[in-house]
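Turn these sequences into a full structure, and let the hints steer you where they fit.
Numbered according to UniProt numbering, the sequence shown spans residues 1 to 525.
Keep in mind that the hints were calculated from the coordinates and are not lab data. Certain hints may be false.
DEER-style ranges, computed between Cβ atoms [what the hints assert, rightly or not]: (1) Arg191 / Glu382: 40 to 48 Å; (2) Ser476 / Arg125: 55 to 63 Å; (3) Cys84 / Glu163: 12 to 20 Å; (4) Gly87 / Pro66: 21 to 29 Å; (5) Glu338 / Leu280: 45 to 53 Å.
By construction, the Cβ of each residue, glycine as well, lies at the ideal position given by its N, Cα and C atoms.
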Amino acid sequence: MQTQAMDIQQEQGNFAFLKEGLGELYTQACLAERYFANDPQSSLVKMRLFVEIACHDLGRHFSLRPPVHGELANKIKMLDASGCIEGWVIDAMNSLRLEGNRSVHLTEINGNHVAKLEVSTLRMRQHMRNLHDIARYVAEKVLNICCKQIPDWHQPLQCDISEHVAAALNGHRDSSFYLANRFYHELETMRSIKGTDRWWTKNAFADKQADLAYWLEKAHVQGHSETWLLFAKSYAKKLLQNVDQRDAKTCFKLAIKQDETGEAAYEYGRYLANHGETKLGLIFIKQAAEKGCSEALSAMLSKTVATDEYANWLHLALKFNVLEAYTCEAFRTLEEHETEASATTTKRLKSALVNAQARRSPGYQFVKAYAEQHVFNVITPECAAKIMVDHYKDLPEYLWYESKLFTQICQNSAHFSLVSDLYQRAIYQTDDEHQASEIKFRMAQLALAEFTTKKSVKTPADIPTMLKEAADAGHSEAREFINSTEGKAVMKRCGFRSSGNHQKSATSKDKQKRKRKLAKKAKRK
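This is the structure we're talking about:
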């Protein structure tokens, strides 16, 4: 359904939902999107106009008195003061206002006044996403359109390439770079198609490589600021062959010299890490994160999730409005509340959940459902479990969510397969011996119920072992079960053994290694 919605969106346009009822907003949004690739400066001007029109539309909808008036900054302040507009909308409006102001003013470079504004493709994409988010918000308030039915903004796939070719041949560097970037992504897509699905020939791939080389070199000669990075990525992924002593490392270093967004530093860090220089790669990824690169910040959150540095990186990610950071903040606040509950932590948790929901942060539904059952007591365990199962895959992979999800669904046999997958991680994430024994006992009980139904069962550990370890840790139900008639039968039943590969002890590994060496020597003789 999501793919179908995206296909319709590409046919009708990202802002088609504004067409009926908010025609002027629709016009400015389409113009901003039209100029997005080949004239960022004009696109930013249209975004600023869009924000100004949106201020008036929202002011009329909420019947603000006095009506919004004055400079755009004042109009946004009036919306903010009314209390009717969510904070993230105000932040997005101010961001686009400031960028729009920059686009219509001269820039002084080395004593020279320049009218041309350089904006990276990465930053322009973020501005377009902010514009689309504001558009969805206005449509929801003014036109009563459900935001969930509107897909996220996606860069238009269909465009008149002849316009860009003509502009590039006339010396327009943004169009030249757009064409180079387009062929770069087409080559990436072609290379990702393998096996029987591969439709392209070597000659077709070589033609695309020639197109990439031509337009990228042309954009470079015309003075586009992002060509060194695209050269570097093309050489790193072997989409282009190294020429004239120009290789990936050299191009990355030149790209970093004019890197404002951190994208070049992040890509270079990844390149180094993938080629055995992990420590140096991490240094560049840190540099990229400090500049606000969302991918780098996500990488640092993943790297430091169980360390004292995590809070600092999370604070920085929130400062740069990295979406997943709002889910991480809600999750962290929830854990703090569980550690030491108070009125303050409850208030902070509510605020964090509101922020995550307002920004549609990935996986916030999981945290919200857990909190609504265990903290606020407003939904049933069954309802919370359903929401958590539906959305756990949306969470950032580095969050330690497994123990919470395991506890929520461990007594429902319908989720046996998922519970088995979660078991090892849930144990690893648990410091409390009593909680670990509870996890082991629930896993064993669910496995026994599954065996009763299907007469066979695959478990992440031996059922008797799990029961014994839980009982030894002082779990009362496990002790009671082991001493029962059924429990004694289970403990004696040798058929209950785990399946699959499990972690072996160091001693066992050494023994196996010695056996293999002796076997090799015997074969040589």
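Status of the hints after comparison with the structure:
1. Arg191 / Glu382: 40 to 48 Å: Holds: the Cβ-Cβ distance is about 46 Å, inside 40 to 48 Å.
2. Ser476 / Arg125: 55 to 63 Å: holds, 57 Å
3. Cys84 / Glu163: 12 to 20 Å: Once the Cβ atoms are compared, 41 Å apart, the range 12 to 20 Å for Glu163 and Cys84 is violated.
4. Gly87 / Pro66: 21 to 29 Å: holds, 22 Å
5. Glu338 / Leu280: 45 to 53 Å: 39 Å Cβ-Cβ, so the 45 to 53 Å window is violated.
Violated hints, listed in ascending order, are 3, 5; each of the other numbered hints is respected by the structure.
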